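There are 2 protein chains.
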Amino acid sequence: MKDNQKKFSRLPLKGMEDFYPSDIRELNWIIEQIRDIVELYSYEEYLGPLLEPIEIYAAKSSEELVYEQSYYIEDKKGRKFILRPEITPTLARMIARKSQELKKPIRWYAIPTCYRYEAPQKGRRREFLQFNADILGEDSLYAELEIFKISIEILTSFGATAEQFQLYYNSRRFIDAISKHILKIPENRLPLVYKVLDKSDKMDDPEFEKYVIDSFQDEYIVQGILKLKEAKNLEDLLKKFDKIPKEFYDSEGYNEITELGDIIKEAGISDYCSFSSSIVRGLDYYTGVVYEVFDTGKENIRAIFGGGRYDDLLSLFSDERVSGIGFGMGVLMLSLFLKTYNLIPDFIGEKDYSDVIYIASINEKVANYTIKIADIIREEEFPCIIDYRFKSLKSQLSKASELGVLVTLILGPKEMEQNQVTLRNMTTNEQKSIDYNEVIEEIYKIFDELEDLEDN
Amino acid sequence: MKDNQKKFSRLPLKGMEDFYPSDIRELNWIIEQIRDIVELYSYEEYLGPLLEPIEIYAAKSSEELVYEQSYYIEDKKGRKFILRPEITPTLARMIARKSQELKKPIRWYAIPTCYRYEAPQKGRRREFLQFNADILGEDSLYAELEIFKISIEILTSFGATAEQFQLYYNSRRFIDAISKHILKIPENRLPLVYKVLDKSDKMDDPEFEKYVIDSFQDEYIVQGILKLKEAKNLEDLLKKFDKIPKEFYDSEGYNEITELGDIIKEAGISDYCSFSSSIVRGLDYYTGVVYEVFDTGKENIRAIFGGGRYDDLLSLFSDERVSGIGFGMGVLMLSLFLKTYNLIPDFIGEKDYSDVIYIASINEKVANYTIKIADIIREEEFPCIIDYRFKSLKSQLSKASELGVLVTLILGPKEMEQNQVTLRNMTTNEQKSIDYNEVIEEIYKIFDELEDLEDN
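Protein sequence lines correspond, in order, to chains Z and U. Sequential numbering of the first sequence, starting at 1045, is according to the numbering used here. Sequential numbering of the second sequence, starting at 1045, is according to the numbering used here.
It is possible that some hints are incorrect.
Copies of the same chain look alike in the list, so a pair counts if it fits in one copy or across any two.
Think about it this way: if two alpha-carbon atoms lie no more than 25 Å apart in a straight line, the pair counts; the simulated SDA-like pairs of lysine to any residue are [to be verified]: (1) 1142 to 1071; (2) 1124 to 1057; (3) 1228 to 1293; (4) 1435 to 1355; (5) 1050 to 1141; (6) 1121 to 1097; (7) 1120 to 1110; (8) 1058 to 1158; (9) 1489 to 1225; (10) 1489 to 1080; (11) 1051 to 1103; (12) 1383 to 1063; (13) 1148 to 1470; (14) 1121 to 1110.
Think of the hints as simulated: they come from the structure by calculation, not from any bench. Given the structure is predicted, the values throughout are model-derived calculations rather than measurements.
Here chain Z stands alone, though its shape is the one from the complex (with noise of 0.2 Å):
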């Protein structure tokens, strides 16, 4: 290839990241801690492949996330193959592909990279990775319960409180309740009830109610709805409406919305939790609770996360019934919302060569005693950098002292001669000549000599 030819772009494709090793420490980070926390709640780990049939997310998520917003491959036999945009219908695949033999509660997680393929903003890109907490085969409100209380803790974990989030939760069985008892909906237009509502907070009021007006028509729906979204509680939505028939009392939906109140009230964890009657959620498959956390503050207007109940998510690959409740939160959001919130140190990003031992040589010829030395070193779990310049002691020196090494050690003729080596404190500049069989030791003495300075 000529040097004068015409190079490639050096950016990623639009909407994707690169992830340089300050990125991917900053990620890891946040992995590592949403994945402790739910270990410790015993959820294991599982992964499915990218690719899947389009129709089983065509069959169950809204049309629209399927062929307008995803990506998708054709086979050379016509078939076309979806990019996951989430990872639930595989899950859901995968459960009933080994359903005899899994033991129920099945508690999962997964880190998917996931795909959709949608004009980028903040928060979202067309690439983004997503962390996955699902509970299977536990049908009690406490399975609510333990993915409302996992959800809390990631975000407290780091460091979050109460006043910077706070998690949404409503139950699409209890918008079925008022559609039905109240509203007199009929149960085929129920869908049409979610979507508008799932609009509720992605407009502005006049906009959102033109928007309820177009959908219903019906003067007394469209009050209805808009109370929907006004409501600030279930006391205060409650007492919007003139009369509420008994049906409504008895429904399923109004006794889990009640009953899961008081589980959050007596678990203590009411402060972070508020019920609002305008969250169902944009994908099809919930049938029950739903919820979603969001950054209290003005800087970050869409949900942090979300997830819900879903009843019949098998009934793609099986005639048995498994209802589940779990949660997906893109990693994206998370890490834009606790940057707000200053809950990741500055640290992070960097690389720690504070454990790192430097090797500096000062030519060639001692090579091979370089090579024997940094096996000596690693051998111990240091992690050992060997300058290949073999040229310019104050060169090498500079390097190790520009990367923030605390020891280096330098090697010579007369070093490798003598069976010893120079070891230098980087913090000090001191330098001393030692054994080569006792630099584990000495190392050993300098870290804990530092480790001294920095108590002190």
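Assemble the complex: chain Z is given as a structure, and chain U must be docked to it using the hints.
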């Protein structure tokens, strides 16, 4: 969706894999061990997007690899994006993008999922995880040695020995020197020499001979290439040629190979390494030393992994010349190799419940108390499972026992009333009731006792 509706397949797509928790535990165990090795050499992790413009692969990889054997997506504007078959072009782009600020030498590793669209076979799937490590901006042959040492230490860290695997190295520059000075092959046919040699270990002798004849016709060249396949070592190879001109011995390629042989010997890794004149690697971008690591047994015929030096990788993105050497290791091939020699302990795939505390509660009235106790236990970083069935103590205990839990807490109205906890040692079936704030202390006691038992 009706229950009598046709169900979708529960299997993953051809050539792709579901990772159940036991698979992930094994995978993570392998990856962490590799990561530990490269971290001891102070390599830093990076990652780029899965999707890249297809041109950057078509320009530097074999074209077959790109259009025939890759998955690609066409966007709404008709641009083609590849699902990366390997990450090296992304690495080149990322280095070019920040070349000014990145301090050389650059030691980086990545663990990308990669894709190829070809018939799956043993050790090769369409979706695969590949561990990569590269050192860039270091021209010294000691960079080759470092990469060889890392490659070997990865395998030996799992317990593999020089009897079980061997690293075969060569240099494309050495093949150039043979071709030019001995076989008198015109320079423009060098890529054909690489292509032919790369097939040498994938065909039997007669098949390979026919392939060489079809490719080169000229009898002297054909015989020369067959010698490259047959030679046992460098000495043996050179003996096979009648007259070797002085220019050959002066060539970069010859000197590189002999010098590398010396370095390998002096570094004490010659048990693990052999020169092999038939190794060239399949990718177009290699220019210098190349190597492949093979199982020495008959079980795994393909290379476990390999790598090499590329001198001109950034040229697609930049005029800067940066040389590098690195390897890509399919984690599946590695695990097949390890399994051949029983180097993956059986227990790795099993979930370890030995530090998990199981909480059984007699009825739902104590649910809050249960959650309070679970919080105390998780606070101490013990994983904790609550059984939400709240009935049939017997079935809860049998579930705990089935999982292999060592300590179960039993909570009922009496315990709650008296702020107590009944603690059951699942090994001895001994129970005792204690004050709830002694629970952590008592758990530690049981774990200590069990440890003592194991030690004796």
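Do the hints match the structure? See the list:
Taking identical chains as interchangeable, the C-alpha atoms of residue 1142 and residue 1071 lie at most 25 Å apart only when they sit on different chains, with a minimum of 20 Å there against 32 Å within one chain. When the C-alpha separation of residue 1124 and residue 1057 is checked against a cutoff of 25 Å, the pair qualifies both within a copy, at 23 Å, and between copies, at 11 Å. Taking the shortest Cα distances, residue 1228 and residue 1293 sit within 25 Å of each other inside one copy (15 Å), while across copies they are farther apart (93 Å). In this assembly of identical chains, residue 1435 and residue 1355 lie within 25 Å of each other by CA distance solely across copies; the values are 23 Å between and 69 Å within a copy.
Taking CA atoms no more than 25 Å apart as the test, residue 1050 paired with residue 1141 passes between copies only; the shortest distance there is 16 Å, against 50 Å inside one copy. In this homomeric assembly, residue 1121 and residue 1097 come within 25 Å of each other (Cα to Cα) both inside a single copy, at 13 Å, and across copies, at 24 Å. For the homomeric pair residue 1120 and residue 1110, the shortest alpha-carbon distances inside one copy (21 Å) and between copies (15 Å) are both at most 25 Å. In this assembly of identical chains, the alpha carbons of residue 1058 and residue 1158 lie at most 25 Å apart whether taken from the same copy (15 Å) or from different copies (20 Å).
Proximity of residue 1489 to residue 1225 under the C-alpha cut-off of 25 Å is found in neither arrangement, the shortest distances being 76 Å within a copy and 57 Å between copies. In this assembly of identical chains, residue 1489 and residue 1080 lie within 25 Å of each other by CA distance solely across copies; the values are 24 Å between and 33 Å within a copy. Taking the closest pair of Cα atoms, residue 1051 and residue 1103 come within 25 Å of each other only across two copies (11 Å); inside a single copy the shortest separation is 43 Å, beyond that limit. For a Cα distance limit of 25 Å, the shortest separation of residue 1383 from residue 1063 inside one copy, 17 Å, qualifies, whereas the shortest one across copies, 33 Å, does not.
Only between protomers do residue 1148 and residue 1470 lie at most 25 Å apart by alpha-carbon distance; the minimum there is 21 Å, versus 57 Å within a single protomer. When the C-alpha separation of residue 1121 and residue 1110 is checked against a cutoff of 25 Å, the pair qualifies both within a copy, at 20 Å, and between copies, at 19 Å.
Violated hint: 9 only; the structure is consistent with all others.
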